[in-house]
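Residues per chain, in single letters:
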Amino acid sequence: MSQTQVSSTSDAAAARAWEPTVVAFLCNWCSYAGADLAGVSRIQYPHNIRIIRVPCSGRINPAFLLRALQNGADGVLVSGCHPGDCHYISGNLAARRKFALFKELLQYAGIEPERVQFTWVSASEGGRFAAIVEKVVEQVRKLGPNKKLVKTL
Amino acid sequence: MTDSHEIESRLRQAAESLLREKKVNLFIGYEKASLPFRTAPLFLTAPKEAGRLVWNPFCTANLAVYLPRLFKAPADAREAKTAPPPPKVGLVVKGCDARSVVALIQERQVPRENLVLVGIACPGIVDRRKAERALGDHAALGAGEDAKGNVRAVVDDGTEVTLHRERIVADACLECRAPTPLLHDVLIGAPVEGKQADAARRRVAEFESKPLDARWARLQETFSACIRCNACRQACPLCAGCKTCLLDQTRPRWIGAGTDISDVATYHLLRAFHLAGRCTECGACARACPMGLDVRLLSRKMSQEVEDLYGYRPGEAADATPVLSAFSLDDSQDFITEP
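Line by line, the protein sequences give chains F and X.
For the first sequence, this note's numbering begins at 1 and goes up steadily by one.
For the second sequence, this note's numbering begins at 1001 and goes up steadily by one.
These are calculated hints, taken from the structure and not from any lab test.
Any given hint might turn out to be false.
[Unchecked claim] Here are the simulated lysine-lysine pairs, DSS-like style, with alpha carbons at most 30 Å apart: (1) F/Lys-142 <-> X/Lys-1210; (2) X/Lys-1210 <-> F/Lys-135; (3) F/Lys-151 <-> X/Lys-1210; (4) X/Lys-1210 <-> F/Lys-98.
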């Protein structure tokens, strides 16, 4: 077997083996509980997700999301309570403006919009949580590995 | 347009009387620098020295950058007991600088009652790099302004060259919507008409028309020469007013210190984001950049987005709530992922 053949077969193998990693920042009161409900309800969703629990979507600093991407996450999902349902009254409303601008900024800079996604999931929406995770993971899988922001040094 | 010499003499009078009548303890303006196309910041405390103040097309620095450090809150109760009372400060402001001061007042970084703003209706300042480029192989030995507002430079072969003002005016000035300070206590010079925002919008639209990968490539190209010196941060009045800069934090170190493109891009993305709804588009960051990079590439977009989404322009009203400190139940949420 020639050298090129070896590398192409191992590339193909690597591509088959590659699974996206999506870091999910979930608020403690709604979305984390929603993920919990999906679990106890035995709803299947992709295991590519790595959940980080934060007190509120208002706690999320966009630096968290960039750092996740720098450190090799292929995608980031942020989820909080639906607007109006925030445990802290308005944390998600203040966050919504930041998220809208940050998403625009990343897209403007040339980062695929599907890499960083924002959503709302309430504590009773286990099904919605699973559906969203499925959608996000599928979209990130289609994009392939994160090569733009990842730090390779 | 009022003649620079007339503005200069009125500025000196204003500073002299403010200091003499003890309406301010400190007056911040510009003085002559040793290199052509430049001025240096001047901190005056004695009225008799007001003659050192200058006004010319090279008064580029945004002097609002010095304000936040003058009004730093005491660290604790003990320090508060011994701290001297906050100073009264007089400040020379162009249209853009006045917007920065307004933004600082909005964020309560500086108290309005301690400021006396000497506004100058600004015809646009000179971009030193454009002027140097216009001179080609020649180096300038000295520069001044002629009666028509054009710049005259003496170059190294002893000849005098006239540089037309509109050819060397800074980019930010070409897009400036309020060259006459919106907030001022004294206004010097006849009001100058503002420009439309079209130029900035065209630049954003041109960048945005490219596909994602081309944009990323252009961003990499723009910032590949970045040496991470943080000059853009230091020159920015809004960054100067920020007490929680991610760059000053080491646990965790949010952004690596090197020039790896991942860190450089992260730095510029976060800088643009932190200035969203705060950037008053004075262009101080771009002029401070030792590598001559277009450091406003991303913040330009943020300003436009803030205006389009929330109808907010930073630095226009001192009593307005900063856009990211406010919210509304009907803010747009088109960006939310639905299953």
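The hints, checked one at a time:
The suggested pairing of F/Lys-142 with X/Lys-1210 holds, with an alpha-carbon distance near 21 Å, which does not exceed 30 Å. Only pairs whose Cα atoms come within 30 Å are accepted, and X/Lys-1210 paired with F/Lys-135 is accepted, the gap being roughly 27 Å. Note on F/Lys-151 and X/Lys-1210: the hinted pairing holds, with a Cα-Cα distance of about 25 Å set against a maximum of 30 Å. As the CA atoms of X/Lys-1210 and F/Lys-98 are separated by approximately 25 Å, the hinted pair is consistent with the 30 Å bound.
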